[in-house]
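Peer 1: Protein chains in written order, with the numbering used here: chain A, 164 to 442; chain B, 521 to 785.
What the hints contain is simulated information worked out from the structure, not anything from laboratory work. Please read these numbers as outputs of a predicted model, since none were measured by experiment. Yeah, the Cβ is synthetic: ideal placement off N, Cα and C, and Gly gets one too. Just to be clear, a hint being listed does not mean it is correct.
Unchecked claim - BS3-like, lysine-lysine: derived pairs with alpha carbons at most 30 Å apart:
| no. | chain 1 | residue 1 | chain 2 | residue 2 |
| --- | --- | --- | --- | --- |
| 1 | A | K233 | A | K285 |
| 2 | B | K609 | A | K378 |
| 3 | B | K609 | A | K245 |
Unchecked claim - Distance ranges between label pairs, derived from CB positions:
| no. | chain 1 | residue 1 | chain 2 | residue 2 | range |
| --- | --- | --- | --- | --- | --- |
| 4 | A | E278 | B | T644 | 33 to 39 Å |
| 5 | A | E278 | B | L667 | 27 to 33 Å |
| 6 | B | K668 | A | Q223 | 36 to 42 Å |
| 7 | B | F585 | A | T232 | 54 to 60 Å |
| 8 | A | D371 | B | A740 | 31 to 37 Å |
| 9 | A | N420 | B | K700 | 34 to 40 Å |
| 10 | B | L536 | A | K353 | 43 to 49 Å |
| 11 | A | G401 | B | T644 | 29 to 35 Å |
| 12 | A | A295 | B | A736 | 45 to 51 Å |
| 13 | B | K668 | A | E396 | 57 to 63 Å |
Residues per chain are reported as follows:
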Amino acid sequence: MKQPIVSLKEVSFQYDEQDRMALKSVSFDIYEGEWLAIVGHNGSGKSTMAKLLNGLQFPQQGEIVVSGTKLNEETIWEIRRKIGMVFQNPDNQFVGTTVQDDVAFGLENMGIPREEMVERVKDALKKVKMEAFLDQEPHHLSGGQKQRVAIAGVLALRPAIIILDEATSMLDPRGREEVLETVRALQDEKLLTVISITHDLEEAAKADRMIVMNKGEVYRQGIPAEIFSMEEELIQLGLDIPFSVKMGQALRLQGVNLPNRYLSEEELVTEIWTSHSKR
Amino acid sequence: MMEKMIFGRYVPADSLIHKMDPRSKLIIIFLFVCIIFLANNWITYVLIGIYTFFLLGLSKVPAKFLYGGLKPVIWLVLLTFIMQLFFTKEGSVVFTWGPVKIYEEGIKMGVFISLRFFFLILITSLLTLTTTPIEITDGLEALLNPLKKVRFPVHEMALMMSISLRFIPTLMQETDKIMKAQTARGVEFASGPFKERIKAVIPLLIPLFVSSFKRAEELAIAMEARGYRGGEGRTKYRLLSWGAVDTIQILILVVLTVLLILFRS
């Protein structure tokens with residue numbers, strides 16, 4: 164069994180100006196090297212979760228432990244070195260005037276010597292395939308490219324965990340694909356734990372494991388196949404199930420024999436074109 | 521259009537002036553603004569003129585960009601010239617036309633002051649034409665660094681400047697988008713009486729302000745998540761390098777200063 168790298172124990176959180184709890188005694192573990200998707204509709208508490216994990220807010224009750232260190236006011240900077248975050252709006256997290264300056268921003272904050280910075284910046288940009296854009300200014304980049312630069316900025320700090328907080332929700336389909344491919348490649352390559360917080364189930368379908376949030380509580384957790392099998396329930400929670408799952412459902416209603424509940428479009432296509440020869 | 525106003529300033533070229541350290545350029549400009557007041561006769565003005573054209577020549581910046589910098593102030597220069605011409609009443613009378621008398625000293629002062637204006641504007645626009653805004657920011661930060669001792673927030677100022685520079689194009693694009701959106705809703709920005717046009721700016725400014733505040737907040741969170749906690753213990757990625765050219769340029773300026781002091785009357 165893999166070690167949990169992050170564990171939440173009975174975490175509760177309430178915003179000052181609200182009477183409703185944003186999170187109600189939430190507990191779960193995140194394991195090293197996995198891709199975990201946290202899904203839920205607006206107000207389900209998933210964004211609050213992201214803020215808690217990175218110490219931007221502190222829980223009123225319960226505790227969060229990141230690779231053995233309990234998260235509190237004193238350890239927050241240490242923990243932020245281990246957790247990198249990519250936010251929703253590509254423009255509002257781009258600090259530098261050029262691509263390389265932006266990637267270097269986090270390194271400058273850590274006081275890394277310049278020679279090492281130059282190396283790390285190049286290295287990180289190569290990993291997200293943006294090395295040709297070193298001196299490009301942000302307004303000449305597409306949303307997907309800016310998010311890849313943001314990922315490079317996180318990678319340069321060599322964290323153990325990367326949190327994508329709705330990082331693809333403002334991108335066009337191509338940009339989304341670019342970003343998710345980059346993240347998948349990074350996760351395959353080395354032990355980078357990915358936590359993606361999203362309302363896009365297509366994106367969540369790519370994860371190893373999913374957590375469904377509803378009204379500040381963990382509604383369900385499991386592998387994507389299990390989660391998508393509760394089709395009707397998901398729709399009731401305000402989540403839109405992926406097209407391929409809907410398609411599979413419709414085909415079954417038409418009497419097509421599909422034994423599994425399929426996840427990706429590709430898998431569905433394979434199943435359909437091989438179904439005849441199987442019989 | 522607006523983008524050109526601010527970013528069309530920098531003209532990339534491979535020249536000695538472009539390669540100079542922004543610190544030395546800033547020092548030279550500062551000193552130049554001071555020593556230009558030493559000039560008070562034909563020889564000294566010629567010296568300053570030679571120096572100005574020497575720098576312009578080195579910079580390889582095409583003349584039309586320099587003219588672009590001069591254009592907005594030509595009227596101001598002309599006005600001061602005319603003022604000097606009519607109101608200086610020294611020396612012999614050169615020209616009389618009814619009650620108007622033009623004196624020799626008036627012509628001289630008019631020409632001198634106009635030249636002073638032109639040289640100042642040429643040299644200062646040379647700075648923005650050959651140095652990117654971010655280089656200027658870095659240069660200023662380095663030069664003002666000693667002020668940290670008296671608690672002047674040098675790092676914060678420089679960061680604010682560089683973030684503003686980074687967001688100018690973003691906000692321009694946003695302004696453009698809001699303008700189009702409001703035009704689609706029937707707001708007219710370009711026509712109508714002056715009062716109406718001023719009023720039309722309000723539905724443009726308010727959304728722009730609201731979104732800027734939102735951006736600022738998100739940016740602050742993103743910066744914090746990336747470990748930003750002020751200037752303490754921060755290293756710098758962009759490097760300033762002082763070369764032989766910078767020292768030589770400063771020396772040339774010192775020589776000019778000495779010559780000006782020797783030849784001024």
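Peer 1: Now, for every hint given, state plainly whether the structure supports it.
Peer 2: Verification of the supplied hints:
| no. | hint | verdict |
| --- | --- | --- |
| 1 | A:K233 <-> A:K285 | 33 Å, violated |
| 2 | B:K609 <-> A:K378 | 86 Å, violated |
| 3 | B:K609 <-> A:K245 | 77 Å, violated |
| 4 | A:E278 <-> B:T644: 33 to 39 Å | 36 Å, holds |
| 5 | A:E278 <-> B:L667: 27 to 33 Å | 28 Å, holds |
| 6 | B:K668 <-> A:Q223: 36 to 42 Å | 39 Å, holds |
| 7 | B:F585 <-> A:T232: 54 to 60 Å | 56 Å, holds |
| 8 | A:D371 <-> B:A740: 31 to 37 Å | 33 Å, holds |
| 9 | A:N420 <-> B:K700: 34 to 40 Å | 53 Å, violated |
| 10 | B:L536 <-> A:K353: 43 to 49 Å | 46 Å, holds |
| 11 | A:G401 <-> B:T644: 29 to 35 Å | 59 Å, violated |
| 12 | A:A295 <-> B:A736: 45 to 51 Å | 31 Å, violated |
| 13 | B:K668 <-> A:E396: 57 to 63 Å | 60 Å, holds |
Hint violations for this structure: numbers 1, 2, 3, 9, 11 and 12, all remaining hints satisfied.
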